Amino acid sequence: MATLAQAIRLALHYGEEHLGVTDIFGEDVGAPLGGVFTCTQGLKTAWNSPLDERGIVATALGIAYAGGKPVAEIQFCDYIYNVIDLLKLCGNAHWSSAGEYHVPMVLMTPVGAGIHGSMYHSHSFESMATHIQGWKVVMPSNAKDAYGLMLSAIADPNPVLFLAPKGLMRAKGEEHIPGEPEDERQLHQMIDAPVGDRQDWQPRWPAVQDYRVPIGQARTCRKGSDVTVVGYGRLLHLCTQAADQLQEQGISAEVIDLRTLYPFDEQSVFASVRKTGRLLVVNEDTEVTNFGEHVIRRVLDECFYDLQAPPKLVAGLDVPGVGLAWGYEKNSIPQLADIVEAMRTVAQSQP
Amino acid sequence: MATLAQAIRLALHYGEEHLGVTDIFGEDVGAPLGGVFTCTQGLKTAWNSPLDERGIVATALGIAYAGGKPVAEIQFCDYIYNVIDLLKLCGNAHWSSAGEYHVPMVLMTPVGAGIHGSMYHSHSFESMATHIQGWKVVMPSNAKDAYGLMLSAIADPNPVLFLAPKGLMRAKGEEHIPGEPEDERQLHQMIDAPVGDRQDWQPRWPAVQDYRVPIGQARTCRKGSDVTVVGYGRLLHLCTQAADQLQEQGISAEVIDLRTLYPFDEQSVFASVRKTGRLLVVNEDTEVTNFGEHVIRRVLDECFYDLQAPPKLVAGLDVPGVGLAWGYEKNSIPQLADIVEAMRTVAQSQP
Amino acid sequence: MALSGSPELTRWTPPVLDEACKLAIHNLMVKSRACEEALIRMVRTGHGYFWIGSPGEEGFGVPLGMLVHKGHGPAFDYLHLHYRSAPTVLAMGSQPIDLLRQMRSTVTDPYSKGRNFVNHFAIKPWNIVPVTPTIETQYAVAPGTALVQRRHGGVGISIVTGGDAGSAEGDFYSAMNWSTRPDQELPVLMLIAHNGYGISTRAERVQNTRELNRRGDGFGIRNAMVDGNDPIATWNALVEAMDYVRHERKPYILQGNVSRLYGHSSSSGASLLDEPDCLSLYEARLLREGLATAAELKAVWDRWHDALNDALHQVIEEPMPDRQHVLQHVFWDGPAGN
Amino acid sequence: MALSGSPELTRWTPPVLDEACKLAIHNLMVKSRACEEALIRMVRTGHGYFWIGSPGEEGFGVPLGMLVHKGHGPAFDYLHLHYRSAPTVLAMGSQPIDLLRQMRSTVTDPYSKGRNFVNHFAIKPWNIVPVTPTIETQYAVAPGTALVQRRHGGVGISIVTGGDAGSAEGDFYSAMNWSTRPDQELPVLMLIAHNGYGISTRAERVQNTRELNRRGDGFGIRNAMVDGNDPIATWNALVEAMDYVRHERKPYILQGNVSRLYGHSSSSGASLLDEPDCLSLYEARLLREGLATAAELKAVWDRWHDALNDALHQVIEEPMPDRQHVLQHVFWDGPAGN
Ligand SMILES: Cc1ncc(C[n+]2csc(CCOP(=O)(O)OP(=O)(O)O)c2C)c(N)n1
Ligand SMILES: Cc1ncc(C[n+]2csc(CCOP(=O)(O)OP(=O)(O)O)c2C)c(N)n1
Ligand SMILES: [Mg+2]
Ligand SMILES: [Mg+2]
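Residue numbers (the working numbering), protein chains in the order written: chain V, 885 to 1235; chain Z, 885 to 1235; chain A, 1080 to 1417; chain E, 1080 to 1417.
Think of the hints as simulated: they come from the structure by calculation, not from any bench. Don't take each hint at face value.
[To be verified] Chain E side only, calculated, beta carbon under 10 Å to chain V, not exhaustive:
no.	residue
1	H1126
2	G1127
3	Y1128
4	K1192
5	G1193
6	I1214
7	T1216
8	A1244
9	G1249
10	D1250
11	S1279
12	Q1286
13	R1289
14	R1402
15	H1404
16	H1408
The structure presented is a predicted model; accordingly, all values stated were derived computationally and were not measured. A virtual CB, placed ideally from N, CA and C, is assigned to each residue, including glycine.
Chain V extracted, bound-state conformation (with noise of 0.2 Å):
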C-alpha cells in the first residue's frame, strides 16, 4: 500500500495530469529533494522557492489571480506563523471583492508532533487555521483519504489548507488508491527516487484514478454506542486503538475521524452525540481556544439536553512548546493511556 506521503505525491500527480495543477512549490519542494517528506519528488510542476514562507504564500495567491492552479507548501507548519496575515488576505479576497476574484489555491504543510520534533516541528495549526476565514481545511488520516481529500482541494475553487500530520507521513494505507499498483515493492520502484544521484531520474507513475473523499463529510471509523470520540489526524489511531482496548472492557466507542476540520461535518458528530449522549474531541493542539473546544461549543448548541456527561477535550498541553526530551513529549501531547483513560470517563461519568 502506498504511504501517505505517496499517496499526496499520487495525487498531486492526477491534479496535474487532470486538473489544471500548474504549480507545486515551496522550499526544497523541487529536484533533488522533491520535498522533505519526498511528497513532491519527481512532479513535474514541482520547483524550488527562495526561503521565504511569504513569498510563497504571496506568489501562490498571484498564480491563482492569473489563472493558474498552485499547489504551495510551507515546509512545517511551525514555520506558517509570518504569513497568518496573507492567509487571511487570501480567505477574504473573494468576500471582500464581492466575488469579482476568488482564489484557487492548495497549501499544505506538515503538522503534528510525534517523530521527536522539538519546539519547531512539532506545532499542532487546526486551530489557528480554523479561525481564519474563507479557507476549507482537511486533514486525512490515511493514505487513501489523503489521496481522496488533495484531490478535492485541488478542484475546489477556493483557498484549501492541507494539513498533513507529519508523524503519519511513512504509514502505509490499509485499502488500495485506484489505480495503484497492487505490490508496494513495484510502487516504490516506479515512484520514489532512488539514494543518492537522482539527476537522469524519472519516475513511472501509475495511472492513478480519480477518487474523492468530499470537503465537509466525517467518516466513522467505529461505530459504537456509549461514546462518540472525534479525532482526526495522527491522533485518530490512538482514538480506534484506544476505542478496541476499552471494547475488551466492554465499552463501547464510536470513534469519528473528522477529515474536514473546516466546514466540518456538523450533522455526523451530532447525531453520535444523540446516540451515544457523550462526547470526547481529541487533538494534540494547545489547549487554550482549542478547536476541539469549537466542535464541543456546536455541540452543545444542538445536543446540550442528550448529554449525559460533560464532554471532554484530550490536547496539547498549554505549554510554549513539545520539548525535545520525551519525558517532555510524552507529558504534554496527548498519549494512548491518556486517551483511554478520558474516554472510559466520559463514558462512565455519573452525575
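Following the hints, put chains Z, A and E with the ligands in place on chain V, whose structure we already have.
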C-alpha cells in the same frame, strides 16, 4: 474623567517615570501624532518606527533582551497577522531557554469593531492571542482599568499583550484614576496636544499614582442570580446595558468583566456559574475557534452538573471580514438586541 | 482614454505623446481630482465614513493608467494597486460613480459591494486584483501574476504600486528577490509613490535615502526616480521602464515624487495643504505652451463637476447592503479559473 | 581562549594575531570539529534524535568567537546566532559537554533543559540570546539589542549570523532598514555563512548573486565577502568589520563562504561530503609555515577526543526531564531586567 486613551497615556507616563519604561514605539507613536488614538502623545520615550510590524515586535524583543523595557504598538490589531511567529518567539524564549532569558515587554494594539472600520479596522484578536503561549493578555473595558492593567502589564517581567477596545478609546471613565485632576478640562489642557502646530508643545503631567489591576482578576459589574454573563472590552457595556434592561423584566443577570483573558479568572467564573446555573459568553471575535468557547469548555470541565441550560456564545459571525456598510456590521457583530435576546434565552431555557 | 491592446502583441509601442494626448492627460487628471474632491465632500456631509485617496498623485497615476496594456488574462498587465490609485483606474476608463458608490457603501459598489473603504478596487476584466488595506502585501503577490506572464509570453507585465513608508516592509524585499531569481526573472514594474510621509511619520526620519528605488541596487534591479508632479516626465519615465520590463521581461523600480494634497485621509482632516499641486502646475504649462485656453480648461472642470453632481444624486438613492448580503461570496462555487 | 573585556572600553583593540593566537585558532577549530563529530556519533548510536551543526564553518566561526567582546549587558557584544554557531560559542569558552547534554536532552542541558535541538544556545552571562529554530528572525531582533547599545555608548555591538538561503526572508531587510535609520544608525554586524545551500536548494538557483553581502548596497551599508574557509583571512576581515561597527556605530555585512562538510543535518544522513575542509587546509598551512609539527597537531586532536569521550560517559548517566519539568519556566516571576 480621563478617556480610555488618556488613561493609557497616563499609565505610560507613570511607567516611564516609575517602572523603567525605556521605549514606547510603533507606527506614528511618536511626535507629532502620538498615536492614531493619541495614546502616546507627549511621552518622553515615544518614537516613530519604520512601517514594519516585524521590525517593531522583533526590536522590542531585542530591547527586552538587552535590559530595556519596551512598550511597542501595532497600530491596529488588523495588522498584527504578519508577526505571529515573532509573538510566539517572545512567548517561548523563557521556556525554550529554560529560564535563561525572559522577555519583559508590553505590546499594545487596538482591537474590535464599532467605529465603521471596515474590513481592516474591525478585527478582534483575543482568540488567536490566547492560543499563543507565554503571553498574558489583558483587555480593559474602562479608563481606570486601562490604567491599572497597563501598570500591571509594564511591571510584569513577561510579555503582556494589551488589547485596547478601539470603540472605547474616547469613552470617559466613571472613576478617577488616582492623581487625575478633578476637572477633565484641566486634564485636557495639561496632556492633550493642541490641534495644529505642536512643535513647541510639552505636556504637563498630573502626578498620577500607582494603581494596579492585578493580571488574572475579573470584576463582577452586576450581581445577579439567573444567568452569568462573561464579557470584556467594548461589548462588556452592551452586556451591562442588557442586564439592566432584563432586570426591569425580572431577569437577574450577573455580569463579569474578565479584564484578563489569559490567564482568565476561572474561579470567579466558576463561582458565578455554580450560583446561576447558566452561562453566556459574549465577544466580537469570529465564532469558530473562539476564545469564548474556551471559557465554556473550562466551565463544562468544572461545573457541568451545575448547568441548568446550555451555555451559549454570542460572537462575531463567521465571515471573512466586517463590511463597511452598517448592514454588514450590524448583522455580523453582536449588537445590544442580540445580547439581550441571548441572555433571555439562556436565563429562561428549559429542557 | 486608456489604450487596450490585443492579446497577440509581441512588441509594445507606446501611444504617441502628442497634443491630443497631453490634453487627454489633463482631462483625466481633472476627472480624478474632481472625483476625489467629491468623495471628500461626501465624508464631510455624512455620505460616507472614511476617505483615503489620491489628490496630488494624478501626475504620476494618470500616465500609468494610460500606458497600461489593458485587458483580461496574462497577455495583459496585472495591477496590484495601492489605495491611492484612482488616477490610474479612472484613466483606464472606470466611472467616477463607482467610487461614489464605494464611498457610500451601496450594494451597487462594483468593487466590494459596500464592504471596503473607498479606492479599494477589484476589476477582473482589467486584471486589477483586489486592493488590500494591508500595506505592501501587494508587492509580494505581484511576482505570482508575473510568473504566469513570463510563461505565457507576450508583453503583459505585473505592475505594483505602493507608498514610501510601506517600502519598509519585508514584502518589498520579497518582491525584489522573487523577481530576480536566476533565469527566472519576472516582468514586474514596481512603482513607489513617494509623498514624504507614512501617515504622520516623515520619510527622512525613518529611511536613510529619499531614493527608495535605490533599494533595488542590492539586487541589481534597474531603477529610477522621476518628478511625479510632472505628468510628461512621468510619461516618459514610464515608457522607458515599461519598454524594459515588457521586452526584457525583468523587473524595474520607478519612484515618483508626489504630493499629499489633502493629507493622509479623512482621519487627519482631509483639508487642503500647502504642497505643490501637479494639476495646477500642469494647467499652467498647458497655458504657457498654448495647448489650451483658461476657458477650455475650466470647461473640463465644469464637465466633471456636473457629472459628479449627477452621479452623487443617483448614488444616494441606491440601496445599502443588509442582512441578506452578509453571507454572500464567502466561498465560490463556480469554475476554478480567474 | 576568548578575550573578555571591560565594560568601560571606549576604544577596542583587537588581540594580536601572533603565533600563539594562530595555534589557539587551531585548537578551537579542533575543539569544535571534534565536538560536532561526537554529536553526530551520538545520533548514530541512539543517544540523540537529531543533529544539526557546523563542521565546515570553523574557519569562519572560531575567529568570530575569539574576537567577541564577551560579557553581560550592553557594554558587551550581543550574539544572535544561527544554529551553526558551535565554533563561535566553543571559542568563547563554552564546554563541549554542554552540547552533548543538549544533544542527549538531559535535564542538565544548560541551554534548554532538554527542550531544543542541539546547537540552540542561550547564555545570558555572555549575551548569547536564545537561538531560534525559525530561520532569519534573529536578524530582525538584533537592531533591538543594538539600539540599547547605541544609547549605552562604548564599543559593544550586536552580532547576528545566518545562512545564505535565509537571507531571502524579509527579516534580513528589516535588519538593514532598522540599523540605518537617519541619525539612528545601529552597531549591528551582520554575518552570512554562505555554504551554497538551503537544505537541498542550491543558492545559485534562487539568488541572483553569490555575494549576498551586496544586498546591503540598497541601503548603502558597507559590506564585504571573505573566504570563510580561511581563518586568517576571516580574522582580518572581522577585525576590519568590527573596528568599523564598534567605533562608527554603524552596520556592516560580512559574508564568509564556507563548507557544509556533513550536509544539512542528520535528516540528510550527516555523512562526510567532498567539500573543502577548512581545518585540514589550516593544518596544512600551519605545517607549511612551521608553526606546528604533525605530532603536535595530532596531540590537539587526541586531547579533545579524550575529553569528549569522558564527557559522553558522564552525560549518558545524567537524568532526563520528566513530567515535573514540563511546566517549569512558562512565566518568570523574578525581577524584570535581563
Ligand atoms: C501592514 C499595515 N500596517 C499598517 C497599516 C496602517 N497604515 C495605513 S496607511 C499607513 C501609512 C502608509 O504610508 P505610505 O506607504 O507612505 O503610503 P501613503 O499613505 O503615504 O500613500 C499605515 C501605517 C496598514 N494599513 N497596513
Ligand atoms: C522560517 C523557517 N522556514 C523554514 C525552516 C526550515 N529550514 C530549516 S534549515 C533551512 C535551510 C536554511 O538554509 P540557510 O539559511 O542557507 O542555512 P544553512 O542551513 O545552510 O546554514 C530550512 C528551510 C525554518 N527553520 N525556519
Ligand atoms: Mg507615503
Ligand atoms: Mg546555507
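Going through the hints against the structure:
At about 12 Å, the closest approach between the beta carbon of H1126 of chain E and any beta carbon in chain V exceeds 10 Å, and the interface hint on this residue is violated. Annotation: interface hint on G1127 of chain E holds; nearest CB of chain V at approximately 9 Å, less than 10 Å. Taken as an interface hint, Y1128 of chain E checks out: its beta carbon lies about 4 Å from the nearest beta carbon of chain V, inside 10 Å. Satisfaction of the interface hint for K1192 of chain E is found here, the shortest Cβ-Cβ separation to chain V being roughly 8 Å, below the 10 Å cut-off.
Among the interface hints, the one on G1193 of chain E holds; its C-beta lies about 4 Å from the nearest C-beta in chain V, closer than the 10 Å criterion. Hint status for I1214 of chain E relative to chain V: holds, with the closest Cβ pair at about 6 Å, below 10 Å. Interface hint status for T1216 of chain E: upheld, as the beta-carbon distance to the closest one in chain V is roughly 8 Å, under 10 Å. Here the hint on A1244 of chain E is kept, as its CB sits about 4 Å from the closest CB of chain V, short of 10 Å.
The beta carbon of G1249 of chain E is positioned within 10 Å of a beta carbon in chain V (closest approach about 6 Å), and the interface hint is therefore held. Satisfaction of the interface hint for D1250 of chain E is found here, the shortest Cβ-Cβ separation to chain V being roughly 8 Å, below the 10 Å cut-off. The restraint placing S1279 of chain E at the interface with chain V holds, with a minimum CB-CB distance near 4 Å, inside the 10 Å limit. With a cut of 10 Å, the hint placing Q1286 of chain E at the interface with chain V holds, because the nearest CB-to-CB distance is about 7 Å.
Taking 10 Å as the C-beta contact cut-off toward chain V, the hint placing R1289 of chain E at the interface is violated, the least distance being around 15 Å. Interface restraint check for R1402 of chain E: the shortest CB-CB distance to chain V comes to about 4 Å, inside 10 Å, so the restraint holds. For H1404 of chain E, the interface hint holds, since its Cβ comes within 10 Å of a Cβ in chain V; the closest pair sits about 7 Å apart. The beta carbon of H1408 of chain E comes within 9 Å of a beta carbon in chain V, closer than 10 Å, and the hint placing it at the interface holds.
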